[in-house]
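Asker: Using the hints, position chain V against chain P.
This is what each chain is made of:
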Amino acid sequence: MLAKRIIPCLDVKDGRVVKGVNFVNLRDAGDPVELAALYDREGADELVFLDISASVEGRATMEEVVRRTAGEIAIPFTVGGGISSVDDMKRILRAGADKIGINTAAVKQPELISAGARKFGSQCIVVAVDAKYNEDWDEWEVYTHGGRTPTGIKALDWVKQAESLGAGEILLTSMDADGTKDGFDLALTSAVSSAVRIPVIASGGAGDEEHFYDVFTKGKADAGLAATIFHYKEISIPDLKGQLRVKGVNVR
Amino acid sequence: MAIAIVDYGMGNLHSVSKAVERLGFEPLVTGDREELLSADGVILPGVGAFGDAMEQLRQTRLDAVMKEAAAVGKPLLGICLGMQLLFSRSEEHGNHEGLDMLPGSVVRFAGGDYKVPHMGWNALQFQKPEHPLLAGLEEGHVYFVHSYHVLPEAQEDLLAVTDYGQPVTAIVGRGSVYGMQFHPEKSGELGMSLLRNFLALT
Numbered sequence: 001m002l003a004k005r006i007i008p009c010l011d012v013k014d015g016r017v018v019k020g021v022n023f024v025n026l027r028d029a030g031d032p033v034e035l036a037a038l039y040d041r042e043g044a045d046e047l048v049f050l051d052i053s054a055s056v057e058g059r060a061t062m063e064e065v066v067r068r069t070a071g072e073i074a075i076p077f078t079v080g081g082g083i084s085s086v087d088d089m090k091r092i093l094r095a096g097a098d099k100i101g102i103n104t105a106a107v108k109q110p111e112l113i114s115a116g117a118r119k120f121g122s123q124c125i126v127v128a129v130d131a132k133y134n135e136d137w138d139e140w141e142v143y144t145h146g147g148r149t150p151t152g153i154k155a156l157d158w159v160k161q162a163e164s165l166g167a168g169e170i171l172l173t174s175m176d177a178d179g180t181k182d183g184f185d186l187a188l189t190s191a192v193s194s195a196v197r198i199p200v201i202a203s204g205g206a207g208d209e210e211h212f213y214d215v216f217t218k219g220k221a222d223a224g225l226a227a228t229i230f231h232y233k234e235i236s237i238p239d240l241k242g243q244l245r246v247k248g249v250n251v252r
Numbered sequence: 001m002a003i004a005i006v007d008y009g010m011g012n013l014h015s016v017s018k019a020v021e022r023l024g025f026e027p028l029v030t031g032d033r034e035e036l037l038s039a040d041g042v043i044l045p046g047v048g049a050f051g052d053a054m055e056q057l058r059q060t061r062l063d064a065v066m067k068e069a070a071a072v073g074k075p076l077l078g079i080c081l082g083m084q085l086l087f088s089r090s091e092e093h094g095n096h097e098g099l100d101m102l103p104g105s106v107v108r109f110a111g112g113d114y115k116v117p118h119m120g121w122n123a124l125q126f127q128k129p130e131h132p133l134l135a136g137l138e139e140g141h142v143y144f145v146h147s148y149h150v151l152p153e154a155q156e157d158l159l160a161v162t163d164y165g166q167p168v169t170a171i172v173g174r175g176s177v178y179g180m181q182f183h184p185e186k187s188g189e190l191g192m193s194l195l196r197n198f199l200a201l202t
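Protein sequences appear in the order of chains P and V.
When we follow this note's numbering, the leftmost residue of the first sequence carries the number 1, and every step to the right adds one.
When we follow this note's numbering, the leftmost residue of the second sequence carries the number 1, and every step to the right adds one.
Among the hints, erroneous ones may be present.
Okay, the calculated bits of chain V under chain P, using three or more residues with CB under 8 Å as the criterion [what the hints assert, rightly or not]:
hint, segment
1, 15 to 21
2, 110 to 119
3, 173 to 187
List of simulated lysine-lysine pairs, DSBU-like, C-alpha gap at most 30 Å [stated by the list, open to error]:
hint, chain 1, residue 1, chain 2, residue 2
4, P, 154, V, 115
5, P, 160, V, 115
6, P, 90, V, 18
Derived contacts from chain P toward chain V, CB cut-off under 10 Å, selection only [claimed, not checked]:
hint, residue
7, 45
8, 70
9, 74
10, 199
11, 222
To be clear, the hints were calculated from the coordinates, so they are not data collected in a lab.
For clarity, every value in this text was computed on a predicted model and none was experimentally measured.
Glycine included, each C-beta is placed from N, C-alpha and C at the ideal position.
Chain P with its partners taken away, still in its complex shape:
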């Protein structure tokens, strides 16, 4: 049986780690390569880098961060943010990333998912989905552009389409839960996990160890992702894994 994965996420801007609280108010939290190596030593199962640089120079810096990280850590890592073509994917995978995360670009041109999967294999393609509850629909809606643009697309339809196009994994962020520290969005995560057969990484809302236990059991997630609570040592990964193990969750 596969172990449930714990994944710290590093938001990187111009080569430095930052974390937005509810997607605004960035704070500096250090060197991405150093932080990545620390998480590897602490027992993180995987890492996600989200490049939020807006400039060409920032993007080039990210490629260098990826190259340095690949030489320093012995766990898989995903890079997302600003990837909008097969050439972009190739550039980042060549630099040493294991997987590519695509979000807005995949919604705009879903064929990017199939093109990437054909060229690099489904295991390399992570489709990141930002979802927010829509009261009128009584369902979740997909947002793009870092959560700023509603798309009119239902999240459950979109994840199924992404899977059929060859996505290897879904990185699901609940915009309602993100930044609250009140726990993952269990209803959303469980609905998405039940809609697809590919692994689902739950993101947004983690505040304590119990929240991870809930998302792995009630939420049916394969992995739990968080940023701030790990960066600011509110939760230590060895403690988190220890508690999950005691409760019978299969962790590394």
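Answerer: Leaving out everything else, chain V in the frame of chain P:
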């Protein structure tokens, strides 16, 4: 000590190369016969499809070089697809002949309740804990990504398995030829220790 990492146009060799370097050895990414044969050990990595990989090995004549290296007892490690290539044949997208250095077949996961690809951290169960490749190590999780798996014909070649609805071949070894289905360079401390044990055999 120089470790040749076979470059035949399949996949990213950067991580393997860096892992070898971190363990204090000198990695040499090469497709050159002389360089491969003069190295202290050879690592055959690989990501992609079996048929394409064999075609690349044949076109570059590296298939013969691999056998030459094994014939003189040079320690050889196949990783992921690189391990599968060491076996007799594969049924991935048609039937393909492998390097046939180890007897056995590569077959697709049956699927069922288990998702394919088998991707993520799974626990090793040592079959031969006394083997030099496993010496001093405790069973633990390593990182797998694969849709096909190996059925070795000789049970004695099996050093470790993992459970994914069925026992899945994880580590094999015969003479100086070894294979790991998972990615030791992506498998944290245990992965690095396994790689270190292989390098110690060179």
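Asker: Does each hint fit the structure? Answer for all of them.
Answerer: Cross-check of the supplied hints:
1. Three residues within the 8 Å Cβ limit are the bar, and the segment 15 to 21 of chain V against chain P gives 4, so the coverage statement holds.
2. For the segment 110 to 119 of chain V, the assignment as covered by chain P holds, since 4 residues bring a beta-carbon within under 8 Å of that chain's beta-carbons and 3 suffice.
3. Counting residues of the segment 173 to 187 of chain V whose beta-carbon sits less than 8 Å from any beta-carbon of chain P gives 4, enough to reach three: the coverage restraint holds.
4. Distance hint between residue 154(P) and residue 115(V) is fulfilled; the C-alpha atoms sit about 25 Å from each other, no more than 30 Å.
5. For a cut-off of 30 Å, the pair hint linking residue 160(P) to residue 115(V) stands: about 15 Å separates their Cα positions.
6. Distance restraint check for residue 90(P) and residue 18(V): the Cα-Cα separation of roughly 19 Å lies within the 30 Å cut-off, and the hinted pair is therefore satisfied.
7. At about 6 Å, the closest approach between the beta carbon of residue 45(P) and any beta carbon in chain V falls short of 10 Å, and the interface hint on this residue holds.
8. A hinted interface residue such as residue 70(P) counts as satisfied when its beta carbon comes closer than 10 Å to some beta carbon of chain V; here the least separation is about 5 Å, so the hint holds.
9. Interface restraint check: residue 74(P) against chain V, minimum CB-CB distance 5 Å, threshold 10 Å, status holds.
10. Because the closest C-beta pair between residue 199(P) and chain V is about 7 Å apart, less than 10 Å, the hint holds.
11. Interface restraint check: residue 222(P) against chain V, minimum CB-CB distance 7 Å, threshold 10 Å, status holds.
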